[in-house]
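Taking the hints into account, I'd like the entire structure generated from these sequences.
Protein chains in written order, with the numbering used here: chain S, 1 to 255; chain D, 1 to 255; chain W, 1 to 255; chain V, 1 to 255.
Among these hints, one or two may not hold up.
A pair holds if it fits inside one copy or across any two, identical chains being indistinguishable in the list.
[Stated by the list, open to error] Listed next, the in silico DSS-like pairs over lysine-lysine satisfying Cα-Cα at most 27 Å (straight line):
id : residue 1 : residue 2
1  : Lys49     : Lys216
2  : Lys204    : Lys243
3  : Lys56     : Lys138
4  : Lys138    : Lys49
5  : Lys246    : Lys19
6  : Lys246    : Lys198
7  : Lys55     : Lys28
8  : Lys55     : Lys138
9  : Lys216    : Lys198
10 : Lys246    : Lys28
To be clear, the hints were calculated from the coordinates, so they are not data collected in a lab. These figures come from a predicted structure and were not determined experimentally.
There are 4 protein chains.
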Amino acid sequence: MAIEIDLNCDMGESFGIYKIGNDEEMMKYVTSISVGCGFHAGDPHVMRKTVNLAKKYGVAVGAHPGYPDLVGFGRRRLEATPEEVKDDILYQVGALKAFCAAAGVELQHVKPHGQLYMMAWRNEVLARGILEAIREIKLEPIFLALYNTIPYQMAKSMGVRVVGELYADLDYAPDGTTFIKKVHGEIDPEATVKKVLKMVLEGKVTSSEGKDIEVKGTSICFHGDNPRGPEIAQAVRRELEKKGVKIVPLRQQTL
Amino acid sequence: MAIEIDLNCDMGESFGIYKIGNDEEMMKYVTSISVGCGFHAGDPHVMRKTVNLAKKYGVAVGAHPGYPDLVGFGRRRLEATPEEVKDDILYQVGALKAFCAAAGVELQHVKPHGQLYMMAWRNEVLARGILEAIREIKLEPIFLALYNTIPYQMAKSMGVRVVGELYADLDYAPDGTTFIKKVHGEIDPEATVKKVLKMVLEGKVTSSEGKDIEVKGTSICFHGDNPRGPEIAQAVRRELEKKGVKIVPLRQQTL
Amino acid sequence: MAIEIDLNCDMGESFGIYKIGNDEEMMKYVTSISVGCGFHAGDPHVMRKTVNLAKKYGVAVGAHPGYPDLVGFGRRRLEATPEEVKDDILYQVGALKAFCAAAGVELQHVKPHGQLYMMAWRNEVLARGILEAIREIKLEPIFLALYNTIPYQMAKSMGVRVVGELYADLDYAPDGTTFIKKVHGEIDPEATVKKVLKMVLEGKVTSSEGKDIEVKGTSICFHGDNPRGPEIAQAVRRELEKKGVKIVPLRQQTL
Amino acid sequence: MAIEIDLNCDMGESFGIYKIGNDEEMMKYVTSISVGCGFHAGDPHVMRKTVNLAKKYGVAVGAHPGYPDLVGFGRRRLEATPEEVKDDILYQVGALKAFCAAAGVELQHVKPHGQLYMMAWRNEVLARGILEAIREIKLEPIFLALYNTIPYQMAKSMGVRVVGELYADLDYAPDGTTFIKKVHGEIDPEATVKKVLKMVLEGKVTSSEGKDIEVKGTSICFHGDNPRGPEIAQAVRRELEKKGVKIVPLRQQTL
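What follows is the structure in C-alpha cells.
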C-alpha cells in the first residue's frame, strides 16, 4: 500500500491590516491548514476569509490555538494553569468551528501553537488539559502532535485519534523535539526536500547534534511566515509524488 | 392562557481577578442568562464557570457578544463595518457554544451587548450583519431584541425567531429605545416592580418625558452590575407570580 | 526668504513579528517621523528601535497616539469621552517621551492618528481634550494639525504652537479635510510630486470634486504603509529642492 | 536616631468599570503608593485619578509596571526577553511619569509587579534589564526591591538607589523570598501587626518552615486587593508609631 502523507501549513496569521504569509499561494500545494484563532494571531475577519479560501481550494481545516500573547506571537513561555489552557483552547477552537460550520466545512484537527505546544511536550497536566479540551469539541477532531512527546502518548492512552507531525522547516533536537523561534530564518528548498524524503521514506531525521533519530508521522508541517514557503511546498509535494507517496489530507488517510 | 415571562440577566462579566455581579445569587431568580464572550467582558475561564453554574441552577444560556473594547465595557460607539460585526459575533457566539456543548446545555439565544446592540437599532446594514451571524449558528438560537427596532423587524422578515425584551432597570426614551450608561445608577426595587408589572400586564411603560409608550416582550432584562440585583429580581418574580404570570425560559414559551 | 518645508512620515507601526512600512529606507528622505505608541500600532520594542533609528539618521521624533484599537489600526470611529481621549494621549505620549529621553533626543511634536485625529476635526470638546494633553507634556511639543480644522484654530487660541500639515498621498474633500482609509491604495509618484509642488508653492490643492481649495502648512505627510513610499518621498524632496524650497524639520523652522 | 519606615500599597489596579481595592481609604494610612501602569492592571484614566488622589493625600507616587497579561493580572510567569522587559518597563514608567508631571508630583520609585518582580529575583539578565530601564528614567527613581535578591544586589553594584521592602501580608519562604498568589487569602490584622513589628524592630520574620530569617527594609508593602487592607494598615501604623518608629516616605528617609 502506498504511503499517505498530508501537507499542512499554519495559516490565518494575519491580524487587522497586518499581513503574514502568502496563504492563497500555499493553498495550492497543501492538503490541510492550521488556522490562527485570535489569541496569538488571526482575528475573526481573517478566520472567516481563511476558512472560505480553504473551502475554495478543497483544503481541510484545523484549529491552531495559542497563548493569549499577540505581541509575542504565542512564542513566549507563559505559565498558565492547565485549567486556563483548557478553557483558552476550547474558546478558540469553538470560535473557529463556528466559521467552519458557516462555510459548510468540517473541523478536521487541532494543533496547539508555539509555546503552548512546546510546553505540553514535557508537562503531563498541561497535555491533559489540551486533550480534555479536544474531547469536549463535537465532533472530536484529530489531534496533530509531535511523535513520542507526552501529549502524543497521552492521546493514545485516552483514545483520542492522534497523528504524528513531521517538520519540514524546523531543526530537531536529539530528543526528537523541534526548535521554534520567534522569527524563523531562511530555508534552503533543496535541503528541505531531501530532509522530508528521508523522514517520510526512512523514518529518520538528522538532529542538531548530527546523529539520526527516529521520527514518525503522516503530516508534514510548513510555516506560513516563510517567504519561500509556496516554492518549497511545491517542490516537496512533487518529489514525494515522484517516489509514489500519495498526498492525502488527515481525515482521508487509512490509518 | 397565562402570560409567560422569561427573566434574563447579563452574567459572566467578570474578567481575570476582576469581579462584576453576584452571578450565583442572581441564578436563583432568573430563567435565562446572557453570557459575556470575552470581547467587552468575560474570559474563557469565566465563561465555563458561568455556563456550569447555569446548568446547576437549571437556567437557560444565551450569548452576549459585544464590541472588542474591554476598557470601555463595550459601551462606547465603535464604527466597525457590518462584516466586522458579523464576524466578531460569530466568533464570540461560537466560543460560548463550545462551552455549552461541553456542559451538555443548549445555546438558547443571542443578545448583542451595549453599543453593538444600540447602534443596530438605527442601522439596517449593521442589523443585517448581526442576523446573518445568528443564522450561521447551528442550531439557530433565538434573537433577543428590543421591540420595534430595526433588528427586531428585520428578524421577523428574515424568519429568525425573535423575542422582545423589556428592561426592568433602564429608562425608556419616547421612541421606545432605552438608555445604556457606562455605569448604572441606583435602582429603587419598589418602583422597578411597579414598572415591570405595568409593562407585562398593560404593555406600557412611562418614558423619560412622562408619556406612556407601548412596549412588547416576553423576557425581562436585569443588569448584572447592580448590587441590589438579586433582591430586585426576587421581588419582581414574586409579584409577577402573584398576578398569575408564569415564569418560563424563552425556549419553553408557547409563542 | 526661502520656503521651509518639513517632510514627515508615520513610522513605528510594526507590532511584534508583524511588519508595516520600510522605516529605515524612509528615514533617508524625511526630516520628521510620527511614531506609533502602542494603542493602534507599535509596541515598546518597536518604539525604542524606531527612536534609535531616527537618532541615527538625524530625523526629528514626534508622537502619533491613536485609539486603543489595534485590530482596526485606529481607523474606526470610537466614541471615547474627551477625558478618555486626553488620558489615552498623555499615556501614549508619555511612554514615547521616555524612549526619546533614553536616546537623548527631544520629543518634537504630537500628531493624533487616524480617527482620533479626524473625529477632532469637527468636535470642539475632543479637540480641547487633545490640546490639554499636549499642554501637560513637558516641554510642550508642537501640535501637527490639518489647516483650519477646529483643533488647528483652537491651538492658536490656546497659545499652543501648531504647524499645518499637507498630505502628499491622501485626497482632499471640498472642505479641506482628507480621506483616511483602512488600507490605502496605490499612489502615482509623478502626480504626487505635482500635487505637492502646487500645495507648497501655490497654497492650493485640487479637491475630490475637481475645484481648487486653499491649503496651508509647512510639513508634508507621507504614509508608512505604502510600498512605494521611499521612492515618492525621494522624488518630492528632490523636486522641492530644485524649486529652492529648504527641507527643514519643524523645530528648526523660522515661523 | 529613630527608625524611619515607609508604608506602601499597590494602587490604581482598577480597569475600566472593573474595580479593585479601596484606594482612597488606604491613602489615609500609607506614605507611598505603587501605581499599576496599564499592562497587568490599571488604565490611563485610572492612572490619572490615582495620581491626583495621591497628591490630595500627600502620598508619594511610584510606578508598578508588570507583564502585558491583564487576564492573568501579571501573576503568571512569562518568558519575555530581558530587552522586552526593559522596553515594557520604560514604556509603562514613562506613561505614569507623564501623569505625575501633569499633576506636579515627583515619580518617587519603581517597583516591578508580580511575576515580573519574582522572575528577576533569580535571573541576572532580567534584573539587569529592569535596572537599565530605571536608569533611563530622568530623574532616576528609587528602586524598591526585596532584600538580598539578585536585583537588590545588582542595584547596589550599579549605583542605583535601592530600598528594601518588607511584606506585611505575604508569607516568606526560607530563602527570604515571598509567595505571590493570583488571589490572596484572608489576613489576620493582629498577626500582621505582630509580624511587622518583629520585622522592623528585630529585622526578623518567621518563614513558612517555622524558622526565623533575616529581613531588611524601610518600606512595608500592603496589597490593594485585600478588603481589610485599610484596617490593617491603620493598625500597623499606630503600633509602629507607639514604638517610636517614624512614618516617612522613601524620598524623605535619611539613608
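Comparing the hints with the structure gives:
no.	hint	verdict
1	Lys49 <-> Lys216	neither (32 Å within a copy, 39 Å between copies)
2	Lys204 <-> Lys243	within (16 Å within a copy, 68 Å between copies)
3	Lys56 <-> Lys138	both (24 Å within a copy, 22 Å between copies)
4	Lys138 <-> Lys49	both (23 Å within a copy, 20 Å between copies)
5	Lys246 <-> Lys19	neither (32 Å within a copy, 37 Å between copies)
6	Lys246 <-> Lys198	within (16 Å within a copy, 63 Å between copies)
7	Lys55 <-> Lys28	within (12 Å within a copy, 45 Å between copies)
8	Lys55 <-> Lys138	both (20 Å within a copy, 19 Å between copies)
9	Lys216 <-> Lys198	within (11 Å within a copy, 61 Å between copies)
10	Lys246 <-> Lys28	within (16 Å within a copy, 52 Å between copies)
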